[in-house]
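Trainee: Turn these sequences into a full structure, and let the hints steer you where they fit.
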Amino acid sequence: MIFRITDYVQRGTLDNRERGTIRLVLHLMGMPHPVRITLQGNCLQDLAGCLVEFENPAPHLLPAELTALPDIIRGVTGDMTASRRMPVRGRKTLENSLYMEWFTDHQDMVLMESSTYSVRVSLPEWTMDACEEQVQIMANQQMLRTQVKTWAKNYANNREDGNLPDHAWDRRLREAEAIAIAYQEVFQKYRLNPTGDIRVAFVMGWDEVLDDIAQSEETGTPCSCKSTGMLSLFDILNEQEAQEVQSCMFHPLFQQVMELTDLCQRQFSKEISKSQRSRTEPPEPLGQIFYCIRYITPRILSCLLQEKGNGADYCTLAARMALCVEQTRLTVSALKNNGRQIGDEVRERFSSLLEEVSSFQESLATQSRKSNL
0 MIFRITDYVQ RGTLDNRERG TIRLVLHLMG MPHPVRITLQ GNCLQDLAGC
50 LVEFENPAPH LLPAELTALP DIIRGVTGDM TASRRMPVRG RKTLENSLYM
100 EWFTDHQDMV LMESSTYSVR VSLPEWTMDA CEEQVQIMAN QQMLRTQVKT
150 WAKNYANNRE DGNLPDHAWD RRLREAEAIA IAYQEVFQKY RLNPTGDIRV
200 AFVMGWDEVL DDIAQSEETG TPCSCKSTGM LSLFDILNEQ EAQEVQSCMF
250 HPLFQQVMEL TDLCQRQFSK EISKSQRSRT EPPEPLGQIF YCIRYITPRI
300 LSCLLQEKGN GADYCTLAAR MALCVEQTRL TVSALKNNGR QIGDEVRERF
350 SSLLEEVSSF QESLATQSRK SNL
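Read left to right, the sequence shown gives residues 0 to 372 (numbering that gives the first Met the number 0).
Here are the simulated DSBU-like cross-link-like pairs (lysine-lysine), alpha carbons at most 35 Å apart as the crow flies:
1) K269 / K152
2) K152 / K307
3) K148 / K269
4) K269 / K91
5) K273 / K335
6) K273 / K152
7) K307 / K369
8) K148 / K273
9) K148 / K307
10) K273 / K91
11) K335 / K269
Hints in this document: simulated from the structure, not taken from any laboratory.
Mentor: Take a look at the structure:
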């Protein structure tokens with residue numbers, strides 16, 4: 000959903016001296032030419048009308064997949080400020096950070112955020128009043144709301160299993176996953192904002208929550224819709240969907256997946272926290288472990304839901320579960336070859352899971368053959 004490029008910027012300039020236009024020039028570590036970005040909109044009040052120069056004291060080499068960035072990029076600005084407060088690791092304080100976000104014409108969101116950059120700000124060529132700033136903030140939030148909606152729709156419609164036909168449950172579970180991912184990002188942005196609950200609800204498109212917050216403020220009664228940073232599947236599904244999903248979660252195979260997930264989250268909590276802080280994937284074979292869990296969990300649940308319903312397409316279900324078998328087998332192999340630090344229990348649990356997933360796939364394949372007779 001978001002391209003974070005903070006670590007890869009060597010230096011750059013932000014120019015908002017022309018009202019209504021922002022020009023960015025970024026020198027990225029590993030790119031032979033600077034990237035020039037032209038955006039519609041303005042910075043927030045502290046940088047509006049200014050030329051800003053910034054430099055990263057410790058840039059990292061740009062990943063290979065990002066070196067193909069075009070020389071010229073156009074888009075729309077998001078929040079651009081040098082006074083966003085952010086916590087500093089290892090300290091119980093908040094520091095001002097340079098925060099720059101924008102949206103490209105290709106529906107991508109790009110983010111730079113750092114409290115360690117050296118920043119120089121010129122005197123403004125023009126000034127923005129408080130009312131104009133609120134207009135810009137609302138425009139930025141509307142852009143982010145549109146981005147979240149578009150990204151969630153594209154994620155839900157993105158079929159990862161080749162030419163296998165999608166069932167409604169496949170799309171619904173992908174949509175729920177997309178909403179949960181987007182919520183995490185939006186919550187992180189607004190979690191320290193005094194009106195963060197309102198902003199989160201608006202960006203996520205939760206108009207009913209906005210109504211609840213408004214009613215709570217009018218009546219003076221507590222609101223139960225405070226953002227917590229956590230969003231479960233049952234917070235997203237409607238009541239009927241939640242009942243159907245809950246009934247399938249007691250299936251022995253799904254229970255086994257959940258128990259293995261819980262074990263891995265507890266055993267590797269430090270590694271997970273570290274990768275979340277640095278916004279990077281955990282080291283192998285942990286990356287493969289958690290990719291496998293993310294891959295097979297919604298597919299197994301969707302297969303169980305479809306099998307429980309009428310007119311299940313057993314041929315498609317068997318083919319999709321065969322992909323889960325292959326992904327689990329790859330993980331078992333990775334643990335054998337590169338899993339000394341993982342521990343015997345996790346390896347044994349994955350080996351047992353491979354047997355159960357294979358057995359379930361074989362039962363679906365048998366049903367498929369029977370249905371074709």
